[in-house]
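Colleague: Please take these sequences and the hints and turn them into a complete structure.
One line per chain: the protein sequences are S and C, in this order.
Anchor point for the first sequence: position 76 equals 76 in my numbering, and the numbering is continuous, going up by one each time.
Anchor point for the second sequence: position 83 equals 1083 in my numbering, and the numbering is continuous, going up by one each time.
To be clear, the hints were calculated from the coordinates, so they are not data collected in a lab.
Be aware that one or more of the hints could be misleading.
Calculated pairs, DSSO-like style, for lysine-lysine (alpha carbon to alpha carbon, straight line, at most 30 angstroms) [as the list claims (entries may be wrong)]:
(1) C:Lys1105 x C:Lys1074
(2) S:Lys132 x C:Lys1105
(3) C:Lys1101 x S:Lys127
(4) C:Lys1094 x S:Lys132
(5) C:Lys1094 x C:Lys1105
(6) C:Lys1094 x S:Lys127
(7) C:Lys1101 x S:Lys132
(8) C:Lys1101 x C:Lys1074
(9) S:Lys127 x C:Lys1020
(10) C:Lys1074 x C:Lys1094
These numbers were taken from a predicted model, which means no experiment stands behind them.
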Amino acid sequence: MRLRAAQIKKQPAENMIPLINIVFLILIFFLVASALRPFGDREVRLAEMTEAQAPGAGNRMAVLRQDGSIYVGGIRIGESELQSQFASWARQDGNRGVTLVADRDMDAAALISIVTQANAAGVRDVKLLTRKAR
Amino acid sequence: MIDVVFLLLIFFMLASTFLKFSALPVSGARGGGVSGNLSEIALIQLRGLDDIRVNNVGVRLDGLQDRIAALVEKGVTRAVLQPAEGAKVQDLVKALEITRKTALKSVVVVR
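Modeller: Below, the structure is given as structure tokens:
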């Protein structure tokens, strides 16, 4: 009796090219249509303006949450440490601005207090980050 | 290859945004005496978007620009913006945005 040789069917190799094409397309879409977030804190909801101008890159940032907590470089600091940070930034380069990333529901008087502190420490250019209303 | 492209895609999806951002200059008051004529300065008190007082005259947000324009015609060149207790950052931004559309030379925020 002759045994039939076991036939091993070779699975055809999956064609990855269409997948790569689609992923590349999505990647290029994100590269072209979006911009990197200027700050990483997702707890902060920015105040809205009707106009938008490019905020400029490379500014130093302080994040002010609604509950009054302050973050610089992702690290929570107190008001006295923020004052020292402003003074340190002013010593390094007083002409370079500081951008405050404040929650829109934060008390306006508390924000102004921080702006005044920054000005007193020698930071001349203080800006508030806002976003364009939808 | 596809792994790297997937990683790049996930990075851009997480780190990017379609929002448009803007940076609004905010000037605080500096210590020292007042220079210039006091009649050139308008005081804008902000209690909320529907309760704004310009030189102690109540206006609504939509009338703020016209009120400031009328004062500019009378010789006002600068303004002091003072949010009252309870005013939020969003209210301050709205008021500052309107003052930037007027012919005022400077707007200073104070507590």
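Colleague: So, for every hint listed, does it hold in this structure?
Modeller: Each hint, compared with the structure:
A distance of roughly 14 angstroms separates the Cα atoms of Lys1105 of chain C and Lys1074 of chain C; the hinted pair therefore holds under the 30 angstroms criterion. Only pairs whose Cα atoms come within 30 angstroms are accepted, and Lys132 of chain S paired with Lys1105 of chain C is accepted, the gap being roughly 24 angstroms. This hinted pair checks out: Lys1101 of chain C and Lys127 of chain S have alpha carbons roughly 17 angstroms apart, not beyond 30 angstroms. With a C-alpha separation of about 12 angstroms, the suggested pair Lys1094 of chain C and Lys132 of chain S falls inside the 30 angstroms cut-off, and the hint holds.
Of the supplied pair hints, the one linking Lys1094 of chain C and Lys1105 of chain C holds, its CA atoms being roughly 18 angstroms apart against a limit of 30 angstroms. The straight-line distance between the Cα atoms of Lys1094 of chain C and Lys127 of chain S is roughly 15 angstroms, inside the 30 angstroms bound, and the hint therefore holds. The straight-line distance between the Cα atoms of Lys1101 of chain C and Lys132 of chain S is roughly 16 angstroms, inside the 30 angstroms bound, and the hint therefore holds. Only pairs whose Cα atoms come within 30 angstroms are accepted, and Lys1101 of chain C paired with Lys1074 of chain C is accepted, the gap being roughly 17 angstroms.
For a cut-off of 30 angstroms, the pair hint linking Lys127 of chain S to Lys1020 of chain C stands: about 16 angstroms separates their Cα positions. For the hint linking Lys1074 of chain C to Lys1094 of chain C, the alpha-carbon distance of about 24 angstroms falls within 30 angstroms, and the restraint holds.
The structure agrees with every numbered hint stated previously.
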